[in-house]
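A.B. asks: Since the structure of chain Z is provided, determine the placement of chain B on it from the hints.
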Amino acid sequence: MTYLRYELLRTIRNRRFFVISLGFPILIYLLVAAPNRHAGSLAGTGISLRVYYMVSLAAFGSMNAVLAAGTRIAAERTTGWNRQLRLTPLSTRAYFATKVATGYVVACSAIALLYAVGGGLGVHLKATDWLEMTGYLLIGLIPFAALGILLGHLVTADAVGPAVGGAGALFAFLGGFWFPVGKTGVLHYVAQALPSYWLVQAAHVGLGGAGWGREGWLVLAIWTLVAARLAMRAYRRDTARQ
Amino acid sequence: MSAGIQLTGLKKTYRTSHGPIEAVRGIDLDIAPGQTVALLGPNGAGKSTTIDMMLGLTRPDAGTVTLFGRPPEQAVGSGAVGAMLQSGGLMRDLNVRELLLQLASLYPRAEDVDRTLELVGIREIADQRTQKLSGGQAQRVRFAIALVTNAELLVLDEPTVGMDVESRHAFWTTMRRLASGGRTVLFATHYLEEADEFADRVVLMAHGEVVADGTPNEIKAKVGSRTIRATLPDVSPEELERLPGVTAAERRGSGIVLACSDSDEAIRALVAAYPQASNIEIGGGSLEEAFLELTA
Chain Z
109 MTYLRYELLR
119 TIRNRRFFVI
129 SLGFPILIYL
139 LVAAPNRHAG
149 SLAGTGISLR
159 VYYMVSLAAF
169 GSMNAVLAAG
179 TRIAAERTTG
189 WNRQLRLTPL
199 STRAYFATKV
209 ATGYVVACSA
219 IALLYAVGGG
229 LGVHLKATDW
239 LEMTGYLLIG
249 LIPFAALGIL
259 LGHLVTADAV
269 GPAVGGAGAL
279 FAFLGGFWFP
289 VGKTGVLHYV
299 AQALPSYWLV
309 QAAHVGLGGA
319 GWGREGWLVL
329 AIWTLVAARL
339 AMRAYRRDTA
349 RQ
Chain B
145 MSAGIQLTGL
155 KKTYRTSHGP
165 IEAVRGIDLD
175 IAPGQTVALL
185 GPNGAGKSTT
195 IDMMLGLTRP
205 DAGTVTLFGR
215 PPEQAVGSGA
225 VGAMLQSGGL
235 MRDLNVRELL
245 LQLASLYPRA
255 EDVDRTLELV
265 GIREIADQRT
275 QKLSGGQAQR
285 VRFAIALVTN
295 AELLVLDEPT
305 VGMDVESRHA
315 FWTTMRRLAS
325 GGRTVLFATH
335 YLEEADEFAD
345 RVVLMAHGEV
355 VADGTPNEIK
365 AKVGSRTIRA
375 TLPDVSPEEL
385 ERLPGVTAAE
395 RRGSGIVLAC
405 SDSDEAIRAL
415 VAAYPQASNI
425 EIGGGSLEEA
435 FLELTA
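Here the protein sequences come in this chain order: Z and B. FYI, in this note's numbering the residues of the first sequence are 109 to 350. FYI, in this note's numbering the residues of the second sequence are 145 to 440.
Please keep in mind that the hints were generated in silico from the structure rather than gathered at the bench. One thing to keep in mind: the hints can contain errors.
As the list claims (entries may be wrong) - With a straight-line cut-off of 20 Å between C-alpha atoms, the simulated EDC-like cross-links for lysine to aspartate or glutamate are:
1. Lys155(B) <-> Asp172(B)
2. Lys276(B) <-> Glu115(Z)
3. Lys276(B) <-> Glu184(Z)
4. Lys364(B) <-> Glu394(B)
5. Lys364(B) <-> Glu338(B)
6. Lys364(B) <-> Glu337(B)
Computed from a predicted model, the values in this text were never measured in an experiment.
Next up, chain Z with everything else stripped away, as it sits in the complex (with noise of 0.2 Å):
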């Protein structure tokens, strides 16, 4: 506890990182949703634009609040840090749940204020809806918070910006973070395989629709399963100087 503890306090320390993970989501939702504020349904999917983008950039800044964990790793293990904290009696499992528990802390922060910016552009909702719509985008961060430790493992530090920005952006894009995804076409299908796109549909419960079907679970498990499976191994296998 005493160790998460100071995990968290130098993450929020890193003012840089905070401000960034928790600005630039609400800029753009500002940019996109205040001028259209009262627009209706978005291209046929029957939400209202600020719910549907309040949704996005709270999907898209916790996203990548979750993958930053492998920024973390990656720059410890290069200068050397990792190879110190495995001479501690701190457990992997552990390790990797105080990476997830800050990674979910910033992407906590991140969707409360876009929730808090989205109520005042008039996004009205049951407080169930709220509740339950947060439980999706809190579980569909899982396979992200997986993915972050394994890059965070694969990379090496001048590497991992770009290794984490660019799949952020690639699964915000495909998922459908900044326009929905049709209901047919390629795209539709590549997208269904995406946990990213599963993340977004928590919006639907905006509308009284249920967050994901079957289909929805079982791509999110499939993903959170392979990338723990191969972040496990990545880390297992690297202690070597480097």
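C.D. replies: Positioned in the frame of chain Z, the structure of chain B alone reads:
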């Protein structure tokens, strides 16, 4: 089963773009609890690789390691090991005290952080962020990290590299006080004086092998204070080692190299016994040079 440290038949080869490098070629070592052991050798002798295998950071190609009767991962997991690695940055965005508090929280019998800061003499930098420290300060923080664990085994890989004379002196004063508390200490160094002054036992490594193992005095006697080189074919090193004043002999082609505890006595005996010896040179004088001679 020994309660100390046991390395048995350890081997490690690294594959590089220039072909394989045999970093460690078979090491057996048995260290009793409470001993202070220096792993002495020049750069590239395999000291760091041996330490990495001992700590479970590198998997040996062959051989086994047990620390207090357990595999390294288990001993590390129970907090029995405190280590100071050779390279390695410190985690940034925390100050020195916070970093030590964070790590201390992982150990079941951790030392008090303020006591450790005092002991290592870094109380004045306790509130500085780790990324703002000088090289020497960071090195002392690394030392504090090893000590705050209050572990039974301390492993220090070249702990004084990058320290100035004064900090080096302070470091060994602290270490001497600590080692008297019954801890097992293993440190790697390429300074003969450090091994001589501080260790109960010196393990001399060269080319991935243990070339000598004994008390500092035994090692010094073996390394000798001077060396004699001469051209002298057809005489076995065993015969030469029987000469008075000679501690070790080695053949290099038609030449011989004698490490001497008393080179005056040795040269007289050599010339008397083998008048055909030619091109005689007496060299060295410092322990360092003699040591380089033996491990070359």
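A.B. asks: All hints are to be evaluated individually against the structure, with a verdict given for each.
C.D. replies: How the hints compare with the structure:
Simply put, Lys155(B) and Asp172(B) have alpha-carbon atoms about 10 Å apart, close enough for the 20 Å limit, and the pair holds. Our distance criterion of 20 Å between C-alpha atoms is met by Lys276(B) and Glu115(Z), whose separation comes to about 18 Å. Among the hinted pairs, Lys276(B) with Glu184(Z) is consistent with the structure: their alpha-carbon atoms are about 16 Å apart, no more than 20 Å. Of the supplied pair hints, the one linking Lys364(B) and Glu394(B) holds, its CA atoms being roughly 17 Å apart against a limit of 20 Å.
A distance of roughly 13 Å separates the Cα atoms of Lys364(B) and Glu338(B); the hinted pair therefore holds under the 20 Å criterion. A C-alpha spacing of about 10 Å is found between Lys364(B) and Glu337(B), which places the hinted pair at or below 20 Å, so the restraint holds.
Hint check: no violations occur; every hint is consistent with the structure.
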